[in-house]
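Trainee: Taking the hints as your guide, dock the two standalone chains into a single complex.
Heads up: the sequence lines are chains A and B, in that order. Everything in the first sequence is counted per the numbering used here, starting at 770 for the first residue and increasing by one. Everything in the second sequence is counted per the numbering used here, starting at 454 for the first residue and increasing by one.
Any given hint could be a false lead.
Stated by the list, open to error - Computed list of lysine-lysine pairs in DSSO-like fashion (alpha-carbon distance at most 30 Å, straight line): (1) K651(B) with K728(B); (2) K555(B) with K979(A); (3) K953(A) with K743(B); (4) K979(A) with K1056(A); (5) K994(A) with K743(B); (6) K555(B) with K953(A); (7) K743(B) with K624(B); (8) K979(A) with K953(A); (9) K743(B) with K728(B); (10) K953(A) with K1056(A); (11) K825(A) with K849(A); (12) K825(A) with K840(A); (13) K651(B) with K1056(A); (14) K651(B) with K743(B); (15) K651(B) with K994(A); (16) K1056(A) with K994(A); (17) K994(A) with K953(A); (18) K994(A) with K979(A).
What the hints contain is simulated information worked out from the structure, not anything from laboratory work.
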Amino acid sequence: MTRTLPLIIVLIAIVAIWYAAAIGLNAQWQNDVYRRGDVTNVPATQFVLDTWNQEKPVLPTAHQVFGELFKLTVLTDPTKPRSLVFHAWVTFSATALGFVMGSVLGIGLAVLIVHNEAMNRSLMPWIVASQTIPILALAPLIVVIGFNIFTGTFGIPTDPARLMSKAIISAYLSFFPVAVGMVKGLRSPEAIQLDLMHTYNATPNQTFWKLRWPASMPFLFASLKVGVAASLVGAIVGELPTGAVAGLGARLLAGSYYSQTIQIWAALFAASILAALLVIAVGVVEKLVNRSMGARPA
Amino acid sequence: MSQLQFFLALVAGGLCAAALALSLVTPFEQGLLLKAFLALGFLSLIRFFVPLGLWADGAFAVLGAVAVLTAIGVFAPTPAFFWMALIAAWLFAWLFVERLSKALAPGLADNAGLGLLIPIVFGVTILVAWEAITRAGNVPQVILPPPSMIWARITASVPTLLADFQQTFLKAVLIGYALGCGLGFVVAILIDRSPFLKSGLLPLGNFVSALPIVGVAPIMVMWFGFDWPSKAAVVVIMTFFPMLVNTVAGLNASSAIERDLMRTYAAGYWQTLMKLRLPAAGPFIFNALKINSTLALIGAIVAEFFGTPIVGMGFRISTEVGRMNVDMVWAEIAVAAVAGSVFYGVIVLIERGVTFWHPSVRGA
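This is chain B alone, in the form it adopts within the complex (with noise of 0.2 Å):
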């Protein structure tokens, strides 16, 4: 057992046995779950005579995040052995993940199921420290709403957040990624041809990756009106340029041996571009369809903070705020969140498809 380990066992164990001290002197049958978790968290202190398994940590953790959460309200106002508990809980999450991490560490390829209990844990710890905090702490829900609010607001509110998911989503997201990662792609092989172009585009195209590009949403509001085009412009134009730098730079990839061997079989400078020179430059263009990915959603939704039709994230997400209707702003970034991730963990399965030779993909 390290010493990180040994101080989180200790910590854990000595809260619940305080906690479980305090809460004596509320009436037995009051938040009976949370007792029996800290009264069970207590006996874990016999570790250090006996070794526990790390599942048992796990098991800890679990029925500490189900007491906790069992227990909220139960106490009135709520007492210093709730927040102890809580805390507990957590400990018990955290020794799980590093006696987890420390026991995977040797084998990395084999544990992919395990591996991923880890995020998920901490994930699932995070929830749970949000609702029962901003829940049993009274934490205006102006200020943060607790998870489970979100989650009915989504719920009831579904065809409000798929009209506006259609809105921003399916026609500007989407139309202007295809048109400006298309577009992109096309002038870098256009350019690629002519080193002057080339030369000249380039540091330009770097120049302009840096650049706050959403400051031209306005302008594209002012010419292509309120509905969806304006902000499908403005993705084309954020989404230009990181895709015809990397591309031009993914055309660049293959060595000069590659190209001079694609030489000797007299290949032409369609067969090199589309045999040898694209596919290496797989890499290069799926990281730019990569950030662009997220860089679309950011750039349509702000560009609806400048005006659109009464329907879209953007403008949704503005006006709510300006109502104070905070569960309602973060049910529609939880629909953009999981928008942007779908959207994102597609584009990587389709790389893993496209470009399985390389080792970044192999190797994983």
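Extracted from the complex, chain A is given alone in its bound form (with noise of 0.2 Å):
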């Protein structure tokens, strides 16, 4: 309770600053409406009712942002595209694909990384400097070319290579926390506790997969926690460029395009929830390996 009641009070803060805001940003198109509606002498609590129930506000009010989500989710059918359960899927099935990719890849590189020293010295500094580029700025190659490659010479349909292409820009995102945290995991047992298992003539495989994997763990869902969530936000960007149709990217372009604010805002919370998710199943996963493996709970 003397957790929660803080950030509860946060939050209402932060809601009552939302709506005064809401108040200010929105005035001036009400009084235009007015002026051209010749009304006058509107009494001030309709003045910020009217504020705060604007078709097109420039700061939508969190009822009007939850009212759009609630429509547009629950009381939608899920196949439609109007409903954004449906973008959210399209995102979450690429956010999901390349997080698998990156995640097997970052695991991948972190093993070899561990094992050779060769590899250790010409990758890690290059793993390191490629996160210090602003790699989204690739997403529009990628998709661009990674569709025209996968269509024209694969002759893969265009649905799953579009999923494939915005996939490619997730796993690279992801892939790098992975890499980074894993090293550290894989590297983490001490000196003592390798030495234990060169006493019982264990073999490397066996150091590997009975001290170093195990003890690797921790790391491991630490960074899927921040590759996941980089992994949503390549995602998204990858469905900017193509002028996609479908995804939570595109319900944000098409928003911005025709001046839907609400749309752009709901089309925001649907994937801050749906990263809050994802989170959320990293975490479930990780509890879940740990009780396997007879970690007893704090």
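Mentor: Spelled out as structure tokens, the structure:
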């Protein structure tokens, strides 16, 4: 209780600021509406309510955003392109595919790096350097070119091709945290533990599976959580440049073209909820893995 | 010689021998350098009787790279022995790196210069392979232009790139970064005094860090217009939360015993802050600054996908992709990469100067 109370109060304060800001930001438009309709002497309460319920407000209010969110998720058939569940599913599938590819790549690279000094010295600086590069700038290139290669050279139908090209961006964004975290994790066993394995006459394989791999689990899951969030960003940005028709990123872009602010905000909140669910899902898997490895709840 | 090295040396030499045999059917004077490399690579097999130094392998790799690059376009269509020579050159580079890192492994600190050589060899190998494969393999320029072509494009369109760099980096990124980091820092110090605000805002800050914040870009473009202020606003939002969370964590990094010592000195709140807690928070703050340097560039470039005046790196990338001018896109990405790395590097240098006492800096 002592931990949740401040959080609740801060949240309430944010909502209050939100509504207050909505009055200020939407006031100009509302005044224009009144002037054009020759409406004068609007009571203050009516004015405030009107600013909170515009059709294309500068800042939509919470009830508008969540109303739209509710309408587009619960009340709309999830198979229809109007439904946000449909768009969230498109984005999620690219995120999940890219996340799996990126994680496997990251873990694989980490294993190579830990086992081979030359790999470590050649790859590690480049892996770190690759992250100082704003790789999302590559997104339009990968999406457009990748899409053309997949459909043209490999003859893949358009939908899987679009999914693959988005997943590549997601994979690139998620591999780095996983690779770096796993290198740290696989090196986390102490010299004395490695020595013990040596006294058991353990093969490198046994040392890996019975010591290094289990020891790396906490590092793996910490980096997977970062990676899954990065994957989602990659998938959303991957939906921006293609004129993609489906996905949360496409909803953001369409909303910005037609000044549908409520739609933008609803898509943004949908993306945030998706991000939270993904991180929570990784956390649940972490708990399950920990339990199956015999960890006791602290 | 380890098993891997033995294998690498054997395959590299064997490939050279096979490629040399294949190349004998072509006129002698065609691609002389390539044939010389193949012959030398074949001769390198004597290493199994007479030991060869690791620098010999480095020389073979360099000779191979030069030979392969000069031989592009000499033979048409590209024969099999050209590709074998490329693979052999790559194997020599690998062997060289493998032996060099074995030789360096014991003395980690002394050989900083040589240690730097290994990633450079890796990078150059990638560039050479990229150039050779795209040009000799006739890869369509739309899919992947060779590095030489990207470089030609960079030198040919310096004014455009400079204008884009100024618009995106000097205006949106730097201003947004300074504002976002500064704001996060100040708010962190303010809420640090109140445990109530701290326990209310911190979970929120952690949560927001996991959200796809770039999504606010269309909203910011709508609010602040097409020019750089909307991009700077996205950067401010993206950089604010990592800075907030890290600074708050850093302010708690000083131990209770150190703070007690400050109290025995009768130090006030501000003295404790300036002389103990902020220096102790240094590594955390610089961590946030480093994370944010990448985030800021990403935020500014992605925000430009939603609408810009006709200048800016994100704008250029998205329009040139649409026009299939892929070399221009790569040129822009190269500029972004250099800008991002230099930005990061500058922050690391400042960090080394400021937090010189920290084990991670002292050890390096």
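Trainee: Now tell me, hint by hint, if it's right for this structure.
Mentor: For each hint, the structure was consulted:
1. K651(B) with K728(B): 22 Å, holds
2. K555(B) with K979(A): 27 Å, holds
3. K953(A) with K743(B): 19 Å, holds
4. K979(A) with K1056(A): It holds: about 20 Å lies between the C-alpha atoms, which stays within 30 Å.
5. K994(A) with K743(B): Given that 30 Å is the threshold and the Cα spacing comes to 20 Å, the pair holds.
6. K555(B) with K953(A): 21 Å, holds
7. K743(B) with K624(B): 19 Å, holds
8. K979(A) with K953(A): 17 Å, holds
9. K743(B) with K728(B): 23 Å, holds
10. K953(A) with K1056(A): 21 Å, holds
11. K825(A) with K849(A): 23 Å, holds
12. K825(A) with K840(A): 17 Å, holds
13. K651(B) with K1056(A): Holds, at about 27 Å.
14. K651(B) with K743(B): Holds, at about 23 Å.
15. K651(B) with K994(A): 23 Å, holds
16. K1056(A) with K994(A): Answer holds: K1056(A) to K994(A) is near 13 Å, not above 30 Å.
17. K994(A) with K953(A): 16 Å, holds
18. K994(A) with K979(A): This hinted pair holds, its Cα atoms lying about 24 Å apart.
In summary, the structure agrees with every hint in the numbered list given earlier.
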